[in-house]
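Q: For reference, the chains in residue letters:
There are 2 protein chains.
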Amino acid sequence: MSRVLLTGASGFVGAPTLDALVRAGHEVHALAREPGRPLDGVSWHVADLLDPDAGSLLRELLDDLAPELLVHLAWYAEHGKFWAATENVRWVEASLALLRAFTAAGGRRAVMVGTCAEYDWSRSEPFDEQAPLRPATLYGAAKHGLHTVAAALCHQVGVEFAWGRLFFLYGPFEAPGRFVSSIVLPLLRDEPATMTAGTQRRDFLHTVDAGGALAALAASDVVGPVNIASGEVLELRDLAQRIAARIDTGQLRLGARPMPEGEPPALLADARRLHEEVGWRPSLDIDEGLDQAIDWWRMRLAAESE
Amino acid sequence: MSRVLLTGASGFVGAPTLDALVRAGHEVHALAREPGRPLDGVSWHVADLLDPDAGSLLRELLDDLAPELLVHLAWYAEHGKFWAATENVRWVEASLALLRAFTAAGGRRAVMVGTCAEYDWSRSEPFDEQAPLRPATLYGAAKHGLHTVAAALCHQVGVEFAWGRLFFLYGPFEAPGRFVSSIVLPLLRDEPATMTAGTQRRDFLHTVDAGGALAALAASDVVGPVNIASGEVLELRDLAQRIAARIDTGQLRLGARPMPEGEPPALLADARRLHEEVGWRPSLDIDEGLDQAIDWWRMRLAAESE
Chain D
1 MSRVLLTGAS
11 GFVGAPTLDA
21 LVRAGHEVHA
31 LAREPGRPLD
41 GVSWHVADLL
51 DPDAGSLLRE
61 LLDDLAPELL
71 VHLAWYAEHG
81 KFWAATENVR
91 WVEASLALLR
101 AFTAAGGRRA
111 VMVGTCAEYD
121 WSRSEPFDEQ
131 APLRPATLYG
141 AAKHGLHTVA
151 AALCHQVGVE
161 FAWGRLFFLY
171 GPFEAPGRFV
181 SSIVLPLLRD
191 EPATMTAGTQ
201 RRDFLHTVDA
211 GGALAALAAS
221 DVVGPVNIAS
231 GEVLELRDLA
241 QRIAARIDTG
251 QLRLGARPMP
261 EGEPPALLAD
271 ARRLHEEVGW
281 RPSLDIDEGL
291 DQAIDWWRMR
301 LAAESE
Chain U
1 MSRVLLTGAS
11 GFVGAPTLDA
21 LVRAGHEVHA
31 LAREPGRPLD
41 GVSWHVADLL
51 DPDAGSLLRE
61 LLDDLAPELL
71 VHLAWYAEHG
81 KFWAATENVR
91 WVEASLALLR
101 AFTAAGGRRA
111 VMVGTCAEYD
121 WSRSEPFDEQ
131 APLRPATLYG
141 AAKHGLHTVA
151 AALCHQVGVE
161 FAWGRLFFLY
171 GPFEAPGRFV
181 SSIVLPLLRD
191 EPATMTAGTQ
201 RRDFLHTVDA
211 GGALAALAAS
221 DVVGPVNIAS
231 GEVLELRDLA
241 QRIAARIDTG
251 QLRLGARPMP
261 EGEPPALLAD
271 ARRLHEEVGW
281 RPSLDIDEGL
291 DQAIDWWRMR
301 LAAESE
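Sequence order for the protein chains is D and U.
The numbering used here numbers the first residue of the first sequence as 1 and each following residue consecutively.
The numbering used here numbers the first residue of the second sequence as 1 and each following residue consecutively.
With the rest of the complex left out, here is chain D (with noise of 0.2 Å):
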């Protein structure tokens, strides 16, 4: 049990990450723009790290916790845009700044999170962490660039220090636009749910795992990079069919849609690290998965139609 600074607390991973700290019994310490749901066990603390004063506060913060572990979350996530945004260099610099106050502050683990795409996606086998990597996106070279700099500072200032590799992400509050709520948001509102034909073959986790995972990634003594994913494959139609199964309303149309240019035919996971190194297996099977996100949407629309 140890005393914890999660930034991003109130995000699609950060807040299932948070809930996943509480319940191991660690004292928590939320940071985010915005105070959170009130939680036993959690403190929240309001800062924008992006902001040009939030160096000195951070620091007094930091100073006066003197938290043992940090999980890092917070970063620019704007569906459709993130790809290519330069707030993810924003996010290069008060990333670094924030290990910066960690490590000075005397932290002794840090846990910040790169994604798949850092991964060179010009490979079908699933990636393991010591996969070539050629990020082809601002996204991925400025998490992938991140790393570097991160691991090699905690390296030089005696901070353990470990990388979760996010992989395809579905759960509650999934923006619009993703893959999962492209298609349970039409069925629901029994409009069609066009798609490609749904070869690609992908790694997806519903984000309590994910939360799950960083959590006990946070708890191990394991560093370096490690792939937080299902280590399961799944056609994208495969993904589509179950949810239409489970959804009375709207047409699945597969197919209605061309495959985009350079579409990698498989981007996924060995995620044997996670499972032995780190100890931690999905708790969710992609049915009880679906299941529960489509609940969730069900109830967000009721709730908006009232």
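Please note that a few of the clues may not be correct.
As the list claims (entries may be wrong) - Far from chain D, some chain U residues (derived; all Cβ distances over 10 Å):
| hint | residue |
| --- | --- |
| 1 | 38 |
| 2 | 64 |
| 3 | 90 |
| 4 | 128 |
| 5 | 223 |
| 6 | 233 |
| 7 | 272 |
| 8 | 306 |
What the hints assert, rightly or not - Facing chain D, from chain U, some residues (calculated, C-beta under 8 Å):
| hint | residue |
| --- | --- |
| 9 | 157 |
| 10 | 158 |
| 11 | 159 |
| 12 | 299 |
| 13 | 303 |
Unchecked claim - Derived list of chain D stretches under chain U, where covered just means 3 residues or more per stretch with a C-beta under 8 Å from a C-beta of chain U:
| hint | region |
| --- | --- |
| 14 | 90 to 101 |
| 15 | 145 to 155 |
Worth flagging that the hints you see were computed from the coordinates, not collected in a lab.
Yeah, the Cβ is synthetic: ideal placement off N, Cα and C, and Gly gets one too.
Position chain U relative to chain D; hints supplied.
A: For chain U alone, kept in the frame of chain D given last:
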């Protein structure tokens, strides 16, 4: 002829780069913590890029000047400390903030500098720019991480980006503990100059030529990493003997120090990109360069003793 913003303009490499940019007819805006010597064609701007308040000052300056070229050389360079200092991380942050401000102000082309310490030093063949990167130090990792993010940012926003990898340098104002100084200074003081057996092979370049190469790189349209090096192979003992042959006093003691554990036998540069694509070659051979450097040290010591 372009309007150039040059950072680190008073430094070991920055000062000769400033000279070379002026000689090439550019309008140079030199940024440094203290104003340097007045020079036709140069406007000095005083700023500390690590100052938390630098961001807004910098954006004002860049919006005001709208430079076409950025040549960013400022970095932490304290001899003996720079390999492991956390200042390297602060310079990654500051360099990215500078680059964002430069691109936002309409800049056309940016040149930054990396290091041969980005390469995998377990290899003995000359490094070309595609050689595997495996920085073993925080300095090398910080430069590598900066390169990754800066190149991706420039690619995204349509700004040309070149990355000059510096190898071993010597010249006026060299810090006393660096290799050439560590031989020249004791000899000029009529003391023994001690060193290893000196079988290590290195690529050495005079700072006047490093500055010339960086100015040529800035004026070219070559993008990506470019080794800033002579392309020549020199054993340290040969270099030391050439120095000793120029100084009547003191005594060179080859082999008086043990070879450090893990000392790389060869750190050499393939300089073909610089020679053929940038079209630049060194102006000084090693004998001319040493003559010049030793003359400078003689004058410096004479001035000190007055």
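Q: All hints, please: hold or fail.
A: Hint check results:
Against the 10 Å criterion, residue 38/U stays outside the reach of chain D, whose nearest CB is about 33 Å from its own CB. Against chain D, the non-interface label of residue 64/U holds: every CB pair exceeds 10 Å, the least being about 19 Å. Residue placement check: residue 90/U does not keep its beta carbon more than 10 Å from all beta carbons of chain D (closest about 7 Å). Even its closest Cβ contact with chain D, about 18 Å, leaves residue 128/U beyond 10 Å, as expected for a residue assigned away from the interface.
The beta carbon of residue 223/U is kept farther than 10 Å from every beta carbon of chain D, the shortest such distance being approximately 15 Å. No beta-carbon of chain D is positioned within 10 Å of the beta-carbon of residue 233/U; the least distance is around 29 Å. Every CB of chain D is more than 10 Å from the CB of residue 272/U (nearest about 24 Å), matching its label as outside the interface. No Cβ of chain D comes within 10 Å of the Cβ of residue 306/U; the nearest lies about 42 Å off, and the non-interface call holds.
Among the interface hints, the one on residue 157/U holds; its C-beta lies about 7 Å from the nearest C-beta in chain D, closer than the 8 Å criterion. Given the 8 Å rule on beta carbons, the hint for residue 158/U is violated: about 12 Å separates it from the nearest Cβ of chain D. About 11 Å separates the beta-carbon of residue 159/U from the nearest beta-carbon of chain D, more than 8 Å, and the hint is not met. Look at residue 299/U: its Cβ only gets to about 38 Å from chain D, farther than 8 Å, so that hint breaks.
This hint is violated: residue 303/U has a C-beta 38 Å from the nearest C-beta of chain D, more than the 8 Å allowed. Counting residues of the region 90 to 101 of chain D whose CB lies closer than 8 Å to any CB of chain U gives 7, which reaches the minimum of 3, so the coverage claim holds. With 9 residues bearing a CB less than 8 Å from a CB of chain U, the region 145 to 155 of chain D meets the requirement of three and the coverage assertion stands.
Of the numbered hints listed earlier, those contradicted by the structure are 3, 10, 11, 12 and 13.
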